[in-house]
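Colleague: In case you want the letters, here they are:
There are 2 protein chains.
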Amino acid sequence: MAKVKLRKGEHKQAGFLAKNYSGTVPLLELDDGTLIAECTAITEYFDALDGAPTLTGRTPREKGLIHMMNKRAELELLDAISVYFHHATPGLGPNVEIYQNAEWGLRQRDKALKGMEYFDAILKRQPFVAGEVFSMADITVIAGLIFAGLLKLPVPAECEALLAWYARMQERPSVKNRVTMSRTSAASSAACAAS
Amino acid sequence: MAKVKLRKGEHKQAGFLAKNYSGTVPLLELDDGTLIAECTAITEYFDALDGAPTLTGRTPREKGLIHMMNKRAELELLDAISVYFHHATPGLGPNVEIYQNAEWGLRQRDKALKGMEYFDAILKRQPFVAGEVFSMADITVIAGLIFAGLLKLPVPAECEALLAWYARMQERPSVKNRVTMSRTSAASSAACAAS
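These protein sequence lines map, in sequence, to chains A and B. At position 137 of the first sequence (counting the first as 1) the number is 328 in my numbering, and the numbers step up by one without a gap. At position 58 of the second sequence (counting the first as 1) the number is 249 in my numbering, and the numbers step up by one without a gap.
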């Protein structure tokens with residue numbers, strides 16, 4: 192595993208951009224040199240390896256719902272928070288944030304706060320973001336909420352179903368490790384979000 | 192099939208938003224009432240129905256590459272063009288475009304033009320966007336170029352590989368029908384793009 196120094200802007204420099212045009216982490220490099228970027232794509236790869244997908248859907252209906260809710264978690268939460276971070280806060284610092292559009296960033300922050308209310312409504316009626324089973328869509332909402340927490344955008348107290356779900360998610364070993372990682376660098380949760 | 196009048200803003204009104212929070216078309220409603228929004232999710236559903244996916248990947252490596260390139264086609268082309276349309280042109284008209292951020296829109300237009308150069312470089316070395324086979328990623332680039340054409344953002348003449356690929360894609364019956372549909376309304380290509 193190679194680390195990329197986000198605050199130094201390594202992910203926006205030619206060496207990294209040659210491997211991932213979009214300049215985002217994480218990036219998976221297979222033994223044969225194949226490069227796979229984008230969280231959803233990396234999840235698709237790993238989830239398919241043993242022929243028994245659990246995170247991306249077993250049936251056509253599950254696949255459709257999981258991909259819809261994952262995309263919604265990106266649009267309404269994770270990407271919105273990322274744009275807020277990069278455009279309406281100091282973000283990764285002046286060496287990286289060469290262009291900022293604060294008005295757009297603040298608007299995306301408001302979109303993310305509405306997104307929390309949306310996912311609260313969803314989790315009032317079902318145990319997981321895409322239905323009855325844990326999926327990639329839960330992971331994307333978790334990433335969004337970790338990132339929001341680092342930026343001091345807490346989930347509103349009235350979003351009780353979202354907070355109860357999040358408390359359950361915190362018990363998962365992968366989330367515990369992730370939270371520890373994130374605390375070492377506010378930048379790391381920016382990993383999956385579009386610039 | 193129910194039509195949604197985009198220029199009247201039907202996709203931003205309560206009745207439609209109750210079915211699709213993100214307020215975008217298309218939206219698939221199954222016989223059991225299940226609602227699936229987002230192009231990628233709808234494609235996942237249909238592609239999985241017969242147990243032999245062709246558009247979303249057969250192997251783990253194909254799945255990873257297709258989802259990566261599809262996301263890149265959204266980020267670097269289709270979504271960028273959509274933001275340009277909604278923010279730096281009259282878009283769907285004053286009843287729908289209640290908030291516009293022209294500076295952001297123009298920046299996304301420039302991103303889309305760079306995206307065309309990126310896909311040109313990709314198609315110089317492989318026959319399809321995600322590799323050796325036609326996939327969902329090709330469809331997303333096609334949608335981006337149809338939308339760009341309607342907005343008078345033509346592919347630069349020096350992008351010869353992209354133009355040659357696009358000419359091949361135009362021969363596909365689905366693309367021919369799509370182009371005909373799009374000409375009836377500049378709005379329809381906004382269908383799949385995030386707001």
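Don't take every hint at face value.
Identical copies carry no separate label here, and so any pair may be met within one copy or between two of them.
Below, a list of computed lysine-lysine pairs in the DSS-like style, where the Cα atoms sit at most 30 angstroms apart [said to hold, decoys possible]: (1) K203 x K315; (2) K315 x K199; (3) K302 x K196; (4) K210 x K305; (5) K194 x K305; (6) K305 x K315; (7) K196 x K210; (8) K210 x K315; (9) K302 x K199; (10) K199 x K305; (11) K194 x K210; (12) K367 x K203; (13) K343 x K199; (14) K203 x K302; (15) K367 x K343.
Hints are computed from structural coordinates only; laboratory data are not their basis. Computed from a prediction, not measured in an experiment: that's the story for all the values here.
Colleague: It remains to establish, for every hint, whether it holds in the given structure.
Modeller: Now for the hints, and whether the structure bears them out:
1. K203 x K315: Close across copies (24 angstroms), not inside one copy (40 angstroms); limit 30 angstroms.
2. K315 x K199: neither (42 angstroms within a copy, 32 angstroms between copies)
3. K302 x K196: both (29 angstroms within a copy, 24 angstroms between copies)
4. K210 x K305: between (35 angstroms within a copy, 17 angstroms between copies)
5. K194 x K305: between (34 angstroms within a copy, 27 angstroms between copies)
6. K305 x K315: Result: close within a single copy only, 16 angstroms intra versus 43 angstroms inter.
7. K196 x K210: within (15 angstroms within a copy, 42 angstroms between copies)
8. K210 x K315: between (42 angstroms within a copy, 17 angstroms between copies)
9. K302 x K199: Both. Shortest intra-copy (29 angstroms) and inter-copy (23 angstroms) distances satisfy the 30 angstroms Cα cut-off.
10. K199 x K305: between (32 angstroms within a copy, 24 angstroms between copies)
11. K194 x K210: within (14 angstroms within a copy, 42 angstroms between copies)
12. K367 x K203: within (29 angstroms within a copy, 38 angstroms between copies)
13. K343 x K199: within (23 angstroms within a copy, 38 angstroms between copies)
14. K203 x K302: Classified as both; 26 angstroms inside a copy, 15 angstroms across copies.
15. K367 x K343: For K367 and K343, only the intra-copy Cα distance (19 angstroms) is at most 30 angstroms; the inter-copy one is 49 angstroms.
The structure does not agree with numbered hint 2 stated previously, though it agrees with all others.
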